[in-house]
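K.L.:
Add chain G to chain Z, keeping to what the hints say.
If you read the sequences in order, they're chains Z and G.
If you count the first sequence from 1, position 81 lands on 936 in our numbering, and the numbers rise without skipping.
If you count the second sequence from 1, position 158 lands on 1013 in our numbering, and the numbers rise without skipping.
Among the clues, some could well be false.
Copies of the same chain are indistinguishable here, so a pair counts whether it falls within one copy or spans any two.
In silico PhoX-like links for lysine-lysine, alpha-carbon gap of 20 Å or less [as the list claims (entries may be wrong)]: (1) Lys1274 - Lys1086; (2) Lys1143 - Lys938; (3) Lys936 - Lys1143; (4) Lys1267 - Lys858.
Hints in this document: simulated from the structure, not taken from any laboratory.
Number of protein chains: 2
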Amino acid sequence: MPKNAFYAQSGGVTAVINASAAGVIETARRHPDRIGKVYAGRNGIIGALTEDLIDTSFESPEAIAALRHTPSGAFGSCRYKLKSLEASQAEYERLMEVFRAHDIGYFFYNGGGDSADTCLKVSQLSERAGFSIQAVHVPKTVDNDLPVTDNCPGFGSVAKYIAVSTREASFDVRSMSSTSTRVFVLEVMGRHAGWIAAAGGLASDATTPIPIVILFPEVPFDQERFLARVKENVQRWDYCTVVVSEGTRWPDGRFLAEAGTRDAFGHAQLGGAAPVVAQMVKDAFGYKYHWAVADYLQRSARHLASRTDVEQAYAMGRAAVELALAGASSVMPTIVRESSSPYRWSVGHAELRDVANVEKMMPKEFISADGFGITDACREYLVPLIQGEDYPPYHNGLPAYVTLRNVAVAKKCPEFKLKK
Amino acid sequence: MPKNAFYAQSGGVTAVINASAAGVIETARRHPDRIGKVYAGRNGIIGALTEDLIDTSFESPEAIAALRHTPSGAFGSCRYKLKSLEASQAEYERLMEVFRAHDIGYFFYNGGGDSADTCLKVSQLSERAGFSIQAVHVPKTVDNDLPVTDNCPGFGSVAKYIAVSTREASFDVRSMSSTSTRVFVLEVMGRHAGWIAAAGGLASDATTPIPIVILFPEVPFDQERFLARVKENVQRWDYCTVVVSEGTRWPDGRFLAEAGTRDAFGHAQLGGAAPVVAQMVKDAFGYKYHWAVADYLQRSARHLASRTDVEQAYAMGRAAVELALAGASSVMPTIVRESSSPYRWSVGHAELRDVANVEKMMPKEFISADGFGITDACREYLVPLIQGEDYPPYHNGLPAYVTLRNVAVAKKCPEFKLKK
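Chain Z with its partners taken away, still in its complex shape:
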């Protein structure tokens, strides 16, 4: 009997993580001689710990194919970090117990840096425990912060969403600036790295110039220079668009969003960085403003996914299975950029020890000298990642996203209490 596979989604979900799931499951199904069932963790690794497994063999080929165009985590995801083998010994032992009970020989973990680390530990531990699990990490993060791989599945679609939305909203402000809104502020994700904010800069190009000021988490906020730049743009263009990362900080390290706002009960402020920046501009110059906070809309916007991103997400899932079938473990498939223009990429792989817990920051040379924009090098890197559209099918005016049956696997192990 071939060994079964375990697949789980980890951390914040993306518009294309299910495309990776489809890549894993469809590829596994093509190798019934080598891989038995694919069990998915309900709500990520928690499903493995609580033995809450989903038998994906109950899902039709059509349902699995539909994962390719369905955003977010079809099996549920979780924020639950396993720490070192020592600190989380009970959990790792529990994973071994469940995996052994369900004859798991393959562990596919779809997530970011933390989950790469968990994946590595599962591989190491299974060897020590005397029954080998081939553990392969499938890269995913909207933050684009995994090392080795040229980019992370999930990021390209957020980047496309932010670039398109910034262009569209800028057209709106431009229309209204004579008597109404002068400054539009869009807040985007990215607490540590400005990759997503940088994508806002793509909204402006040679054929469609737009005055955009970007506030990066990498650049300490300089209020005076920022206000001067906004004023300059409004004087020259009649309007200005600001893309602010949620992670933008004052020089003393506080987030902009912590600017001292309190509600009537004295609770710390409710708003984000966008209203703070907008109000600051209003106070300085009286410009009428509008602001938006994209929040989950940006990372779930499968309706506007990048075709490149969808293809790469699927390819990472497929490659993970193929790597395992080729005998590899403690690895992660990667996206290798062969050329930017024309864009060509291939699938490579990295050792998990080189990936786990390493964060890839934006290179300094991607941020313009004034700190408010992106360089040509950044543009050259980003543009390929938003190429192409990959629309979901629609039914009754809405995207036909699949909800899986998610049939539970019968439990075989004693109960396990999660640490809260």
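P.N.:
Relative to the frame of chain Z, chain G by itself:
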């Protein structure tokens, strides 16, 4: 020599107002024997007052055709309300002066209730002034609040954007609810009427059920019942989505967004209704939340326009010119619903005296008895309006939206100072 036409965009712009512009200009160009040039007002009616006219004949057929897929106001719009003939006498006389100087025989005004009123007055005044202008209003408003017409161009695309975004973000929350976010709050436009908020309800249907609580401006906010409903949903579904209209109010009439939040300097709060609602849920139950404010993103999202909406917007522009050519004035083309299922509509028209300054509210029977959802009647009304997709062309991963040349017409009149 045939008379020239004047076209202007008024008030908040939409994803499809330029499709109406294309309808006007392309139709006018097919009748060179009857209509001379089409002059557009730069920044709406202000362009007429300051004699800042744009000669659209310099735009290529390709550029005008591209208006059909370009959001926002290609000639600029403005918020500038002309009042009664008495109160705004100088402005109306100025309009006559400019229109006479540029041999304007047709006035096409693309806007909401206020601009319908202006349009009516221009028609009346031109008759009194002894040179007849055929004034035809072209309906436009994301708020869907014009009477007589079954719906307003601009609304269908916002409705589609909010319905799709609500579904996508709900999938995200559903994925994360086991360990992270339980409640997602999306703030949408609609200060007076809940049409846009109602569209959020479309995200949930028989095949894709989603627990959504809608807060309408029409329903005084009942905090206790709201919290109970959110808790009920979280207990049953593990998560809950809230769509809150910016116009939602406490029973005493204050907006939710005015909930007493103050910044460090004592300024009134910066945030909107979404963070207030999210914090309220957190305070009551401790549920982790996320919130988004769609703001301009929702009304500029041409990338996700409703095909029905685009076709109707174009049809209204074309019909406006055809009405004028048929000799009509003081009228507005309308959308007439022939049947909901299958959806069939035709073009009718209304007298402006029946349209001007009348606001169409949501019928009471469109809001569910508990005040937190939409009824089947509402669904039957809304669903056709979001039918079909009409994607713009893309270049380099971004929508190829047109920016017109907007060549100025030589001025012929003395200067005119706008009232501030």
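K.L.:
So, against the hints stated earlier in the document, which numbers end up violated here?
P.N.:
Checked against the structure, the hints that fail are numbers 1 and 2, while the rest are satisfied.
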